[in-house]
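Novice: So the chains spell out like this:
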Amino acid sequence: MDEHRDARGPEDAPEVPLDAAFFRRWLTAAAATVEEEADRLTELDSAIGDADHGANMRRGLTAVVSAVEEERPPTPGAVLVLAGRTLVSTVGGASGPLYGTLLRRTGKALDDAPEVGLARLAGALRTGVDAVGQLGGATAGDKTMLDALLPALDALDEGLDAAARAAEKGAGDTVPMRARKGRASYLGERSIGHQDPGATSSALLFAALARTARAGAADGEGGTP
Amino acid sequence: MKQLINVPERVVPDALRGMAAAHPELSVDVERRIVVRRDAPVAGKVALVSGGGSGHEPLHGGFVGPGMLDAACPGEVFTSPVPDQMARAAAAVDSGAGVLFVVKNYTGDVLNFDMAAELAEDEGVRVAKVLVQDDVAVTDSTFTAGRRGTGGTLFVEKIAGAAAAEGVPLERVESVARRVADACRSFGVALTACTTPAKGGPTFDLPPGELELGIGIHGEPGRERRPMMTSGEIADATVDALLADDPPRGPVLALVNGMGGTPLLELYGFNAEVQRALGERGVAVPRTLVGNYVTSLDMAGCSVTLCQVDEELLRWWDAPVATPALRWGR
Chain A
1 MDEHRDARGP
11 EDAPEVPLDA
21 AFFRRWLTAA
31 AATVEEEADR
41 LTELDSAIGD
51 ADHGANMRRG
61 LTAVVSAVEE
71 ERPPTPGAVL
81 VLAGRTLVST
91 VGGASGPLYG
101 TLLRRTGKAL
111 DDAPEVGLAR
121 LAGALRTGVD
131 AVGQLGGATA
141 GDKTMLDALL
151 PALDALDEGL
161 DAAARAAEKG
171 AGDTVPMRAR
181 KGRASYLGER
191 SIGHQDPGAT
201 SSALLFAALA
211 RTARAGAADG
221 EGGTP
Chain B
1001 MKQLINVPER
1011 VVPDALRGMA
1021 AAHPELSVDV
1031 ERRIVVRRDA
1041 PVAGKVALVS
1051 GGGSGHEPLH
1061 GGFVGPGMLD
1071 AACPGEVFTS
1081 PVPDQMARAA
1091 AAVDSGAGVL
1101 FVVKNYTGDV
1111 LNFDMAAELA
1121 EDEGVRVAKV
1131 LVQDDVAVTD
1141 STFTAGRRGT
1151 GGTLFVEKIA
1161 GAAAAEGVPL
1171 ERVESVARRV
1181 ADACRSFGVA
1191 LTACTTPAKG
1201 GPTFDLPPGE
1211 LELGIGIHGE
1221 PGRERRPMMT
1231 SGEIADATVD
1241 ALLADDPPRG
1251 PVLALVNGMG
1261 GTPLLELYGF
1271 NAEVQRALGE
1281 RGVAVPRTLV
1291 GNYVTSLDMA
1301 GCSVTLCQVD
1311 EELLRWWDAP
1321 VATPALRWGR
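Residue numbers (the numbering used here), protein chains in the order written: chain A, 1 to 225; chain B, 1001 to 1330.
Just chain A, same shape as in the assembly (with noise of 0.2 Å):
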């Protein structure tokens, strides 16, 4: 981890380290976050998709937190490779395997570090939006989920904070983009003027992974199950 500390941002930027239980309690806070928001996300989805976004992320999630509470993997990638296998293997659509892909890539990328730094988390995650790109074929500006991913992980050396409000700024940047992706694509010009459901959902994430951070440097928690 040290080799990275050079890479670490500005002083204020709080070094939280986060432990596989801090992922575990991301992911249930990211469960909840898009349980109260699945009704946007699936009224979102309807505009340009097909109205079911909520519904999957609600279903896969749900899913990720039965099987990581059950399972307890021991370290941070663990958790995160656990994750993204539930999601493949419940959400389906493109979905699943976006998302699945995502957190299984960050989560082989952290090895089995017990604890991870931001920097640390900043270079896995550069490698799971990458494979995100790929299996997508898509890249910055075709109005998906890398629209909220790209800034915030530009935005992670600031720390979680800023990097989830660079997501949300990104999500709401995608509501002038035209779809040249996925399912919304096929409305050309009539996807113009609707925000972009996974990158709404992928903000959410962002959102929950920095509240989870903020909760537990208020509890001084570190590493409590």
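Among the hints, erroneous ones may be present.
To be verified - Covered by chain A, per the in silico footprint, the following chain B stretches (three or more residues, Cβ under 8 Å):
1) 1079-1092
2) 1100-1108
3) 1119-1125
4) 1144-1158
Honestly, the hints are just simulated from the structure, not real lab data.
We put the CB at the ideal spot given by N, CA and C, even for glycine.
Please build the complex by placing chain B on the supplied structure of chain A, with the hints as guidance.
Specialist: Positioned in the frame of chain A, the structure of chain B alone reads:
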């Protein structure tokens, strides 16, 4: 919106329970969501496996049986199934002769079937894939995820299924399937939006006096909206779109397909106009199928698929088939 459902989360397993009760000739795994012909694996025969989102019934479960599919994997409503389902189905129906995956061109279906093929190959099952991409409404495919797979799926499953039933080996079944997929063109029209159980209301707003031309099968709006037209005008617009894309070089099979909410009375009337339009343009139609085959829940509207055939493909089309939704011969 009034619907015959218990809870939205259970519509797919509930439907599969009912399907199992109605069709003892099928083996239905309700929880894992796999529909398999009961006598599978059939020794020496290449197996056909398809799947996709639910909401398009009878596609695909209704096409499982001798002469067509060996297994189908229904996903959630309008959501592709997961790789585990397809890999499990492949293992269940493989006789050692290999498995052909029939995949409609949607991002989710393609990604999940690709993952499933890897899983199945890890288990020692030989897998080939054919992609159905017949929807001519998608014109600028460099800027989209490519042409959608719609009604052409039925022709691919029926004709490749007949070839497999004859004992043709995997590589040849795959090439027959690809020939059929290449020979199919479809175009759809929506008179209303559909209602997904998760949303409980129409997926888009379509005023009573308007229709959507060039729709897909997921309630997504089409490529253009116009004031309501007569059945004959819709037939002309549809046939023109199909023939402009692929001028016919011989006879075609025609599928006049209901989207789920249009009665047969209207579909037959529409078919009369489609046959007239094709006849006026000099296209011979040796066989026509009319009915609800590749639906979009309760959407009102229709699609037309034309499949150019030679004598060999026509013979396989006419070969016996015994599935819940398609049944003839023997």
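Novice: Decide, hint by hint, whether the structure agrees.
Specialist: Each hint tested on the structure:
| no. | hint | result |
| --- | --- | --- |
| 1 | 1079-1092 | holds (count 6) |
| 2 | 1100-1108 | holds (count 3) |
| 3 | 1119-1125 | violated (count 0) |
| 4 | 1144-1158 | holds (count 3) |
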